[in-house]
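Asker: Residue numbers (full-length UniProt numbering): 1 to 283.
Don't read these hints as lab results, they were simulated from the structure. You may find that some hints are simply not true.
[To be verified] Label-pair ranges, simulated between beta-carbon atoms:
no.: 1; residue 1: 257; residue 2: 57; range: 50 to 56 angstroms
no.: 2; residue 1: 96; residue 2: 152; range: 22 to 28 angstroms
no.: 3; residue 1: 195; residue 2: 249; range: 28 to 34 angstroms
no.: 4; residue 1: 195; residue 2: 94; range: 39 to 45 angstroms
no.: 5; residue 1: 57; residue 2: 110; range: 21 to 27 angstroms
All C-beta atoms, glycine included, are put in the ideal place defined by N, C-alpha and C.
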Amino acid sequence: MHISLRSWLVAGVAAVGAGIVVAGSVAPPAPMQAPAATDVSLGAAVLPLPAPDLGARALPAVGRAIAAGADAAIAPVVGVREELPPTPFVPPGVQLSLLIGTPNLGAGNEGNFNIGVNNDGDFNIGTTNEGNFNIGGDNEGSFNIGFNNVDADDLTNGAVANIGNGNDGDFNVGFNNTGVRNFGADNVGALNVGLRNTGTLNVGAGNNGRLNVGAGNSGSANFGVNNTGNFNVGVGNTGNGNIGLFNNGDNRIGVANVGVRYPSPVRSQTTNEPASTTTSVED
């Protein structure tokens, strides 16, 4: 019996995807728009995860409380030191702890227990930090490590607990991330891991949406490369619920629309009829 190459292709791809199709019949959601906001609300939509800004208010409050206690404790000593004559041979503005004034080491620091230059706050190490417990330079907020970490959308509280350079938000690790709890570089949104992801809970590079794994995916819950839509697995699929390569449409398993098309879970639910178990091969 002669078996065509096309039949072998259909059988092979169907075997790989059959388990995924049978395992669940979750109706794919409507295609989503690219996130327009980069605030912490992006991650709050992904349940049952806690809001990604959890701790963004509490942690700075703890830092401020510690700093206030330290300021109160050192105030009497600073008051006594200020009544003493100035220390000779020390240039104006230079700070050498309580030897000559406030308990800072460096120059131009405002606050207490800073090491460096032009820090404003308490317990900063570096230069031009504004806040408390920062290490590095030009950080605006508290508990940041690195340089130029800020929070442009929440300037009343500043950035919190970023590690890296140029992060805009809270709890980011890496470079130039905007949002909350991103890990990597140039991510926009919340809970992304990788490079240039936009949205929520993406892993990889250049994904746009949420719950994508791979590269260049746009939509939701895609796994692979350059898929557009929702719940696709593979490469270059356009639509929803496709498994394979370069399928155009919905609910296909195969390559370039050559293969098996399984019944849509949406149609079965809306018509109250059981989904057909038959499959068809389309040209």
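Asker: State for each hint whether it applies.
Answerer: Quick rundown of the hints versus the structure:
1. Residue 257 and residue 57 have their C-beta atoms about 51 angstroms apart, which keeps the hinted 50 to 56 angstroms range intact.
2. Between residue 96 and residue 152 the beta carbons are some 36 angstroms apart, a value that contradicts the proposed interval 22 to 28 angstroms.
3. At roughly 30 angstroms, the beta carbons of residue 195 and residue 249 sit within the given window of 28 to 34 angstroms.
4. At about 44 angstroms, the CB distance of residue 195 to residue 94 agrees with the hint of 39 to 45 angstroms.
5. Separation of residue 57 from residue 110 is about 24 angstroms and conforms to the stated range, judged on CB atoms against 21 to 27 angstroms.
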